[in-house]
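Enquirer: Respectively, the protein sequence lines represent chains A and B.
Count along the first sequence from 1, then add 470; that gives the number in our numbering.
Count along the second sequence from 1, then add 470; that gives the number in our numbering.
Quick caveat, the hints were computed from the structure, so don't treat them as lab data.
Ideal Cβ positions, reconstructed from N, Cα and C, are used throughout, including at glycine.
Do not rely on the hints blindly, as some may be mistaken.
As the list claims (entries may be wrong) - Partial chain B-side listing against chain A, Cβ under 8 Å, derived:
| hint | residue |
| --- | --- |
| 1 | T488 |
| 2 | G567 |
| 3 | A600 |
| 4 | K615 |
| 5 | A619 |
| 6 | L700 |
There are 2 protein chains.
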Amino acid sequence: MAKLYVVGIGPGGAEDMTLRADRALRESDIIIGYTVYVELLRPRYPEKEFLSTSMTREAERCRLALEAARSGKTVALVCSGDSGVYGMAALVYEVRGGAAEPAVEVVPGLTAACSGAALLGAPLTHDFAAVSLSDRLTPWEAIEKRLAAAAEADFCIVLYNPASRGRPEHLRRACEVLLRHLPPERPCGIARNIAREGEQRRFCTLAELQDAEADMFCTVFVGSSATRMLGGEMVTPRGYRDV
Amino acid sequence: MAKLYVVGIGPGGAEDMTLRADRALRESDIIIGYTVYVELLRPRYPEKEFLSTSMTREAERCRLALEAARSGKTVALVCSGDSGVYGMAALVYEVRGGAAEPAVEVVPGLTAACSGAALLGAPLTHDFAAVSLSDRLTPWEAIEKRLAAAAEADFCIVLYNPASRGRPEHLRRACEVLLRHLPPERPCGIARNIAREGEQRRFCTLAELQDAEADMFCTVFVGSSATRMLGGEMVTPRGYRDV
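Take these sequences, add in the hints, and give me the full structure.
Expert: Below is the structure:
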């Protein structure tokens with residue numbers, strides 16, 4: 471049966487993929503993805519056919535994947551992190567439209583909120599909000615509104631896409647918004663190259679985060695009022711009463 | 471080397487565990503967890519020693535795990551879903567306090583936001599907020615404030631712990647708050663027993679969600695202004711301009 475898997479491969483290393491994702495890739499005839507992820511997977515699945523496109527060609531990648539599945543192949547379209555959160559699953563459904571064919575199965579993966587939090591300690595124990603600072607597809611005003619709302623309601627906040635070559639100042643602008651609602655000493659953390667070569671973690675205050683270096687390989691965590699540094703880790707207690 | 475892994479095993483079936491989680495369990499001498507999860511894992515790791523406690527004894531479970539690791543064993547403390555998000559990782563660090571020993575490694579897992587979203591389609595493509603409706607450890611007023619803020623700032627919203635035997639009316643009360651900010655026809659979805667026997671998905675409007683049956687095995691998704699039903703799936707487009 472022709473089928474399209476939309477597979478989240480997690481933060482990078484094959485070890486952070488689920489067993490189900492691994493099975494979906496093994497079952498597939500063709501693996502399609504952004505060049506960098508395809509190169510990560512090729513050594514692990516040497517017998518597969520691989521197709522890659524450049525980063526911004528998301529819709530083209532979905533069309534390729536749907537066409538290959540319609541032609542009778544089992545296809546895996548791979549995304550880093552989760553296939554849903556800031557991933558390609560929605561776009562696959564959009565490009566497929568109302569059609570029932572080919573069958574699509576979304577295979578979830580570890581999103582950077584979870585894998586980055588594990589690297590930093592346990593900052594996301596309780597309610598949190600995920601906000602992307604990329605304004606490629608979202609007006610900056612909407613991003614600012616979400617940041618302000620999340621800060622005011624005392625969510626832990628995870629910032630995806632904190633900066634890139636084209637928009638190095640986004641993290642600073644986001645911090646300016648957050649600092650209207652949060653104290654400058656609020657604990658923050660930066661996870662970089664999670665589960666990949668060059669993995670790094672850094673901790674700082676919200677005031678320091680304004681001037682922190684962050685690039686497209688970073689995920690940034692801003693604590694809630696309960697978050698604190700504990701034994702070198704960034705920790706948001708759940709508040710278990712019997713500790 | 472004695473070590474404590476805090477392992478998120480994902481939504482239930484062993485297939486939704488990462489390869490790293492599987493390796494951590496294989497490396498461990500003792501696996502500790504809530505009775506239900508221990509019973510799920512026992513057939514897969516028959517040679518391990520298992521220790522279980524009832525659901526509300528979280529701090530006791532952490533103490534057991536830390537003591538076993540201090541005595542020289544490699545220990546895995548398991549959580550369903552992620553080990554961070556509404557999980558035990560923070561509590562482990564709290565109970566360990568400022569001590570550097572034993573070494574702790576948080577192994578992330580698929581949280582219900584990601585695994586439930588994959589079951590329902592792709593509702594969490596963009597910015598989202600996760601809110602637990604359990605007031606066991608959080609005042610209900612704080613929960614209402616977060617719901618209102620998330621709705622007003624147009625986040626997709628994931629509701630953890632929408633109801634339980636002790637608090638069956640929480641989902642209705644949450645919907646009342648959301649309906650002050652969101653239209654009654656807003657698409658919603660309920661994922662139940664994700665990746666386990668009896669897995670189910672249901673879709674409804676926010677008005678209908680008020681009276682929907684939901685229990686402690688459910689995770690509830692409330693769409694953003696962009697979310698719609700598409701080919702039978704709940705989809706929030708990322709807004710790729712080239713579709």
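Enquirer: Now tell me, hint by hint, if it's right for this structure.
Expert: Status of each hint after checking the structure:
1. Given the 8 Å rule on beta carbons, the hint for B:T488 holds: about 5 Å separates it from the nearest Cβ of chain A.
2. This hint holds: B:G567 has a C-beta 7 Å from the nearest C-beta of chain A, less than the 8 Å allowed.
3. For B:A600, the interface hint holds, since its Cβ comes within 8 Å of a Cβ in chain A; the closest pair sits about 6 Å apart.
4. Hint on B:K615 holds. Least Cβ distance to chain A is approximately 5 Å, under the 8 Å limit.
5. Residue-level restraint check for B:A619 holds (minimum Cβ-Cβ distance to chain A is 3 Å; threshold 8 Å).
6. At its closest, the beta carbon of B:L700 sits 5 Å from a beta carbon of chain A; the interface hint therefore holds under the 8 Å criterion.
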